[in-house]
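Trainee: For the protein sequence lines, the chains are A and B, in the order given.
Under my numbering, the first residue of the first sequence is numbered 706, with each subsequent residue one higher.
Under my numbering, the first residue of the second sequence is numbered 28, with each subsequent residue one higher.
Just so you know, the hints here were simulated from the structure itself, not pulled from any lab data.
Note that the structure is predicted; figures quoted are calculated from it, not measured.
Among the hints, a few may not be true.
Facing chain A, from chain B, some residues (calculated, C-beta under 8 Å) [claimed, not checked]:
#1 His41
#2 Gly56
#3 Ser57
#4 Ala140
#5 His141
#6 Gln144
#7 Leu146
#8 Asp274
No farther apart than 20 Å at their CA atoms in a straight line, the calculated lysine to aspartate or glutamate pairs in the EDC-like style are these [said to hold, decoys possible]:
#9 B:Lys78 x A:Glu774
#10 B:Lys206 x B:Asp176
#11 B:Lys122 x A:Asp734
#12 B:Lys122 x A:Asp731
Beta carbons: idealized from backbone N, C-alpha and C, even for Gly.
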Amino acid sequence: MTPIERFARAWGRSVHDASYVLLANDERDAFFLDLTERIAAAMTADRFDPAVGYRVGADLASTEEIAPEALGRTITELSTRFLPALDLCGVIGRDRLTALIEAFSMGYATALHDHTLDRQEAVRRADIAARSEAEMALRRSEERLRHAALHDSLTGLPNRAQLIHWLGELRTDAAAPARFGVCLIGLDRFHSVNNSLGYSAGDRLLIAAARRLSQLPEGIACHLGGDEFALLIRGTAEPEEAIKAADRALAALRTPFEVDGHELPLSASAGVVERAVRDGDPTDALRAAAMALHWAKVEGRDRWSFFDEDRNAGAVARYRLSAEMPGALARGEFRLVYQPMVDLATGAVVGFESLARWDHPELGLLSPDRFIGLAEDSGFILPLGMHLLERACRQAVRWHGDGAEPPFVSVNLAARQLCHPGLAAEVAIILDRVGLPPHRLQLEITEHAAMTAEGEALGNVRALAGMAVRVALDDFGTGYCGLSYLRRLPVHAIKLAGSFVAGLDGDSTASRTDEAVLAALVHLGHTLRLTVTAEGIESERQRAKLLALGCDVGQGWLLGRPASPEKLFG
Amino acid sequence: MTDRPDWAPADVDHNTATVARAYDYLLGGSHNFAADRALARQMISAVPDVKVQARANRAFLHRTTRYLLDQGIRQFLDIGSGIPTVGNVHEIAQKVDTAARVAYVDIDPIAVAHSRQILATNEGATAIREDFANPGAILEHPSVVELLDFDEPMGLLLVALLHAVRDERDPYGALEVLKERLAPGSYLVIGHGTHDQHPAAVKAVAEAVSRTATPLALRSHAEILRFFDGFEMVDPGLVWSSEWRPDSPDDQPSNPTGYIYGGVGRKP
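Bound conformation, chain B alone (with noise of 0.2 Å):
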């Protein structure tokens, strides 16, 4: 146990805006401050369809974890889970099985905390604070070795995460120590921004996000590849997150392409 403690009060600051809870204004919702709406109009008015882009990014998740369902996996790991009041992985996982179980991972305290207060009477699913750089702390952490059975097949998803991740953080290497633990089965769900498409745009979007606790690294496709290295990818592999499967083509948003790639893989 180290004397440093898990997080200071100067953590825990609404005056600054974080990433998550500017989602959640993006998403429409209500969980959020003064600075996150500010960051969120930021955003907007560098890249005007961001509302789309984000509701899009929503899409995905409930698809592949539909998906995940589907092929039978019944647990989740979902880290950069963020303000968990628009269409959380459990209510959908737990629609298709009551026994289904989902252990949020944010590093926003205030996320946290409210994750905590909706999960209070849910059995299946449960909220804690860790950094995705410190992937032992999450594998290790108690709440997480007492919901999940490491032992078999889950799905972790990494959704709106990586590009969060700066390479100086390692997020290889992070992702290897938690794809490691995995049982073979598992599943990982990436989606992730990209400048491939529109540099201008995404860069405004990077300098609004640049002052808060997580910066974006933005990726190429092949880079976003590179992190289901050793996994078999679903058809149709790592696409604009909207063209994968999407439910009927009138789900498709009208300009989906160009901001956010997705992809899922499998470990043999």
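With the rest of the complex left out, here is chain A (with noise of 0.2 Å):
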């Protein structure tokens, strides 16, 4: 080992306790030994340059980072050990040596400031970065909810609320069209999907039926949630092209979907609005398109239905009746007129039908089939029908046959009413509480809803006449399926429909078929041990030719118009 070497060793080793970054034994030593070349050849030199001492103190303190104690014990080894162990001693003057330490010091200070200065910068760019990427991930998740508040996460299409916006920016913006359309489409039967393929095989469809209202140029497609979608149309001329993109709209759903290997058909419905921006809140459109798709789905499913003010109108004002029903009802605005039933052989009187009429105190008095109808789809026809009933009955009590039979009383049941469980235990409670005897109650059901009886229907119809109530068959002749029901239902009577009285009055092929047909009902009734009552019956002709054909009641404005208790009755 040369002198230089064991120099070189012993101030690395010296230093190395100093340092806080551990080199490895020879890489340390094989630093120190170039730092020392290079001190000793500068002091060597027949021209000295300190500059190179300067350079060898920050060459030192630049090696990472290294401890305030590395310059003193530096300083130590070289102004007590360097000469001697080089056997400099005598050829080296002092004040060499001295300039020599001088510039290292310099240069390990600057050398250290230096760094020191470029690590602060350093981790001070770190923390700026840290912070603009702390920035940039908030404003991606801001971004990330913000697009998930305003689209479908199934189908990334724009959702309500986006479009609800959009809506409402066609009256703040300035650059807004004049005109717009909104086609809300509708899947038909979408959940029957969901049901026999699963949910995952629905979302499929989904998807693949939001890509292809996505691809249409008419408009922009939203999807509003499960099976409804939406077209939005900026700055349409008129109606048809609002009307058009729902055209193209339904072609591109219409073509059958290919999931999971299963083809599906599939068809859709669509409510179609165009207007102005100007004609009210544009938000609003979305609801007038609501009706319009609920009016396609009405029609039949797989067509458009465009908006239309006075239908509309119309509906609003149903909506309005059947919300007034039940006041209406307290109110005593509801109440009953009866019209005669005829013995089309003697001319006696044998029954009174009860008719339901509502003293509307703005829309005057209102028929059956103005109120019927709804009531039946909001549900009010059960409280509605029973009192009806319960009139009805009352009513009937208070008739005397004057020796003969009293007559009964004949009262219509709506299709929700026959389905009701309760229906025939609340006949009973209340031909018992008014003291009717129950052959002189006649239930009316339609020949559609005796033909679909079934479950509870069916029950009840069987329960009433097992109580002695008397069933009749309305409207008999206008169905369109076989009479093989009638063998399940133990029914009484058949009331024929006024179409096929109407008809006798004619010397025509027509009529002629009427009467046949006619003639084959009462027949079938008679087979069948049924009473056969005609309705409609408005002139002598129709008369007689009945009785004629064997028709056992008639029942019409020749006969009798339907009349209120006090007229009838006094």
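Hints are included, so try docking the two chains, each in its own frame, into the full complex.
Mentor: Quick look at the structure:
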């Protein structure tokens, strides 16, 4: 080992303890040997250059992190051991060594200072980078949240909130077009896909449908949730444009979809609105489109329907009427009129059909076709029907037969009432409370309701017949089904539809056909031991023909118009 | 993908000290802020030779890294890597094999951002911000998955990390997830602070650190040994970190023992 190597190793070791970064031994030895050789060369050079010391000091300070002790120890090593170790005592002057140490210290301190500044700058850059990255992350998550709030998570299309926002913008945005259209699109019977193939297949179908709709050039496709989509068309010229877009959308959805290897045929219905931006609140367009979509579905699906203000007014009026019914019942606005049912052979009154009327304070007297359907839809038919049934029964109790059997009362039952589980029991309670013998009550059910009767309805008819209440089939002969249901139902009477009777007036072929049908129906009724009643008799000729056909009972203006009990019974 | 930001800007605050940057200061680094230096000074007043301890801890990391390299390990997952200026694992590893790969993981966003600056041009090393207590996120992080091959043995370095994870954050469970994922022949390196020897002094340090995001969780020898469950301990086992395979007797600091245990385990 040379003296230089020996000195370098000792120097390195003394600094090592003060070094934060532990170089491997051989690396350390090589590093300090280099420094020592450079110092030795400078010291022994003919022309002394203290700058070498400066650079060595800078290099030492640059060996990554180094403790303050390193400087002190180096000065000690150089000032006390360098000259003796290299056997240079007397050869090199102390002044040269002092100058070198001074330069070394300056180089060390300057480099340390520079490095500290560099590192401080680096960590501040890191601080700024971390902050901006954090802010970007925040912005990204805000963007994600914003996107999630305004888009459907399944299909990625703009959602209802976004559509409403856009519609709102139409009014506030100065650059908005003058007219716009909205097509609300509902997939027909989508739930059956979910039910039969599972929700994941349903989801894939929705995604595929969304893709097709979003490719339509006419408008912006939105997914309002479930099976409901919408197209927003900005800047229409006339309703035709929105209708064409709806047509295109329905056509696009009509091509069968391929999902999980199944070919799924699909149809859709659309509600279309097209209007001027200034015509009211654009967000109302969505409500209007929903109403039009409802019409399209009611009309049989796989079609579009254009929103029509008059039609909507009608729907609104019906809705209002429906909502008024409970109050009207409480205020006693519903009443009954009675129409006689006459034995065609003797002319004797055998019964009265009770018919409901609504004395509407604004609309005047309303007939059942204006409100019974609404009551069925709302469910109000159940309390209303029972109330009217009890009123009719109370009326019937007062009737006397003048020695013969007193007339029965015939009350219409709605299909919904027939399916009501408690019907037979409630009728029994009313008869009991009122004191009317069951055989003096006849309940009229439509042929259609009877035909489709099953479960509760069938049980009700059987229970009513079982307690001797008469059951009549109304509008008989208008159903399109076989007659096999007659075997299942214990009915007592059939009422022939008034349309057949109306045909009896002429001598045409059609009239002769009606007569033949009536004859067959009367024969069928009698074969089944049913009383046959004919409705709508308005002329003497009709009465005579029906009598000739063997019809038992007649009803109609000729035989007696519906009238209030006060008029009829005093 | 959650709707929560990866981290909030409020997390990046150089007015709040972090252990990572205080440790950098103790190692003589300049990558720290006033709050970090104040914390470091509090630690120094509790344990005067805490700088020596920091250095001994760093030396332990270097020796174990070199030991793993000698065993043929060429990829490292260094969790709790801190400010990576002072003797980086990737520098040591890539000096031995330029193809060596190192993934650094730390919870301190500034440490990670700084690491990324340093590693910008280094294809064999990456730095991600993640929490050790969330090992699934570490294992599935795209940068980690891209860099490391979990079918090959690797070195999992947890030097001065676990004593910053309290039991309520389930460090044993988290480590189990990581150990499970390692290929046989992988190594686990742990350096862990303890109060076994100097309870009072260590308590004072713990108090100083308690207000940071990573309060101390000091453990006994037996508790630390439990982290190695299922692994074979490499000689000399779990010992004072400066006594773990010193390069030469004079490499040891004057009074190094009593604060940090170190050990290496191998997955059979």
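Trainee: Please go over all the hints and tell whether each is borne out by the structure.
Mentor: Hints, verified against the model:
1. His41: holds, 5 Å
2. Gly56: At about 5 Å, which falls below the 8 Å cut-off, the nearest Cβ of chain A leaves the hint on B:Gly56 intact, so it holds.
3. Ser57: Holds: closest Cβ of chain A sits about 4 Å from B:Ser57, inside 8 Å.
4. Ala140: Check passed: Cβ of B:Ala140 comes within 4 Å of chain A, closer than 8 Å.
5. His141: holds, 3 Å
6. Gln144: holds, 6 Å
7. Leu146: Status violated, d = 12 Å.
8. Asp274: Holds, because the Cβ-Cβ distance from B:Asp274 to chain A comes to roughly 7 Å (cut-off 8 Å).
9. B:Lys78 x A:Glu774: holds, 13 Å
10. B:Lys206 x B:Asp176: The given pair, whose Cα atoms are some 14 Å apart, holds under the 20 Å limit.
11. B:Lys122 x A:Asp734: holds, 17 Å
12. B:Lys122 x A:Asp731: Holds - the C-alpha atoms of A:Asp731 and B:Lys122 are around 14 Å apart, at most 20 Å.
Violated hints amount to a single one, hint 7; each of the other numbered hints is respected by the structure.
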